[in-house]
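Colleague: Take the sequences, apply the hints, and build the full model.
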Amino acid sequence: MENILECRNLAKKYGHFVALSDVNLTLQRGKIVGLLGPNGCGKTTLIKLINGLLEPSSGELKVAGNIPGMETKKIVSYLPDRTYLNNWMKIKDFYQYFAEFYSDFDIAKAYDMTSRLQINPNNKLKTLSKGTKEKVQLILVMSRKADLYCLDEPIGGVDPASRDYILDTIIKNYNENGTVLISTHLIQDIENILDEVVFIQSGMVKLHASVDDVRIKEGKSIDALFREVYRC
Amino acid sequence: MLGKLFKYDMKAVSRILLPISIFVIVYSFIAGFLLNFEDYPTPVRIVAVLALVAYFLLLVAYAMSGYFVIAHNFYKTMVTDQGYLTHTLPVKISSIIFSKLLVAFLWSVIIVIVFCISIPLLIFLQVDFREIPIREMIEFLGSFDVSYTYTVIIFILLMIGSLFVSQLMIFAAIALGQLLQKHKLLFSIIFYFGLSTAIQTIYSVILGILSIGQIDVLETEYLPDVLSFYNIYLTAAFFINALVFAGLFFCTKYIFEKKLNLE
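Chains as they are written, first to last, in full-length UniProt numbering: chain U, 1 to 232; chain A, 1 to 263.
Hints are computed from structural coordinates only; laboratory data are not their basis.
Where hints are given, some of them may not hold.
[Said to hold, decoys possible] Derived lysine-lysine pairs resembling PhoX-like cross-links, with alpha carbons at most 20 Å apart:
id: 1; chain 1: A; residue 1: 92; chain 2: U; residue 2: 74
id: 2; chain 1: U; residue 1: 124; chain 2: A; residue 2: 258
id: 3; chain 1: U; residue 1: 124; chain 2: U; residue 2: 90
id: 4; chain 1: U; residue 1: 31; chain 2: U; residue 2: 172
id: 5; chain 1: A; residue 1: 4; chain 2: U; residue 2: 74
id: 6; chain 1: A; residue 1: 258; chain 2: U; residue 2: 13
id: 7; chain 1: U; residue 1: 92; chain 2: A; residue 2: 11
id: 8; chain 1: U; residue 1: 145; chain 2: U; residue 2: 126
id: 9; chain 1: A; residue 1: 4; chain 2: U; residue 2: 90
id: 10; chain 1: U; residue 1: 90; chain 2: A; residue 2: 258
id: 11; chain 1: U; residue 1: 13; chain 2: A; residue 2: 182
id: 12; chain 1: A; residue 1: 182; chain 2: U; residue 2: 92
id: 13; chain 1: U; residue 1: 90; chain 2: A; residue 2: 11
id: 14; chain 1: A; residue 1: 4; chain 2: U; residue 2: 92
id: 15; chain 1: U; residue 1: 126; chain 2: A; residue 2: 182
id: 16; chain 1: A; residue 1: 76; chain 2: A; residue 2: 4
id: 17; chain 1: A; residue 1: 76; chain 2: U; residue 2: 90
id: 18; chain 1: A; residue 1: 76; chain 2: U; residue 2: 124
id: 19; chain 1: A; residue 1: 92; chain 2: U; residue 2: 62
[As the list claims (entries may be wrong)] So these bits of chain U aren't anywhere near chain A, every CB distance computed over 12 Å:
id: 20; residue: 40
id: 21; residue: 48
id: 22; residue: 111
id: 23; residue: 117
In this text, a Cβ means the ideal position worked out from N, Cα and C, and glycines have one as well.
Modeller: Here it is, written out as structure tokens:
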């Protein structure tokens, strides 16, 4: 089975600013990977490149053997760190929308998650709080049977109880051949569900290892290692 | 996919344009009564005149509303946060652009129909429609030994083409504005005026060249010759229009495929 993500000498520049330089990264299928690093280090740039929202300046990026485009968008499920839905549609309208555009969208699962999170699908998005909007976006993304999930700060604006439910959902929705890439600062909360970590600093990959290896070799938690590596 | 995109784009735009359209029709009916304002006492007359002025301003705004509502929809869904949803759908950029152009076309037709309903409603108390000499006008035109078929067809095609180009110019301006790092919206507006001027110039130059030496034809007022001239003129305009459309379309498509940079 091929790798889900392959980056070779990947670089992205905005004018003179180098957002990513010489990124060589391979992610296998069936893993939950934490993409960690301080603000402005290039995490979101990498995720945007994976989703075809940016073109690389040089190097190569492939998702399941294809460069980002229509074919990869069918198998990548993306949760950005902002509200990307319009305000006037109802939640159930969005489920219908996703069901129509994505053949891997499981509408029954979406409704199930909606009721567990005690959200009314007849509400319009504009009536919801920021936290509830984020939950709805997460439901949309996790209800797809994607090969790669890219979650950019999925638990940032959400209360602790819902956070546990969301992390639980992420593990449970984990289809065996699917990979989840989570970009976050809240390392302590997600550390226990991660299989691998990728540390990025100043646009370069500093570390890519399995969580077990880090704990055994370094003898510390990911959170502690992060604080050490990124000490101000 | 184009059908699905069209469905959702129509929903987004119609939720604004449909209520306005209904309001215009209702207001036209009311304005029909207001036109007899001389019959009313003075205070009512003032209100009636103001309401009529407002009505005409409404018509002007309504005529342009289609372009603006669709431009607003394009802007929000392509270059703001909603762009994260639009640009990660498994669809081609050309389908996305085309869907919005089709919505623009359909709503332009609806707006024309609303005008065709509104104007008669406005004047129904003033005019006896049976007195309009439609049959005489048709007989007059038919008395010349010429065929109007080609002229009518090319004119309609040119109108449709112009509609698409007008809307696409706004899309292209938004796309071009997106290339800048700051003040994207301001630059989009500047690009719009730039594109508009450039396209007008192209038309003026080419059609102007075509018209050279044809002035005598127009002066003879001999209908078959005048009509031939207009057929050539309209055909040339149609082809220029088609080329402008292609240029703007590929420019917009290229920018969103290769140069996208959402905040």
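Colleague: I'd like to know which numbered hints this structure contradicts. Please list them from smallest to largest.
Modeller: 2, 8, 10, 12, 15 and 21
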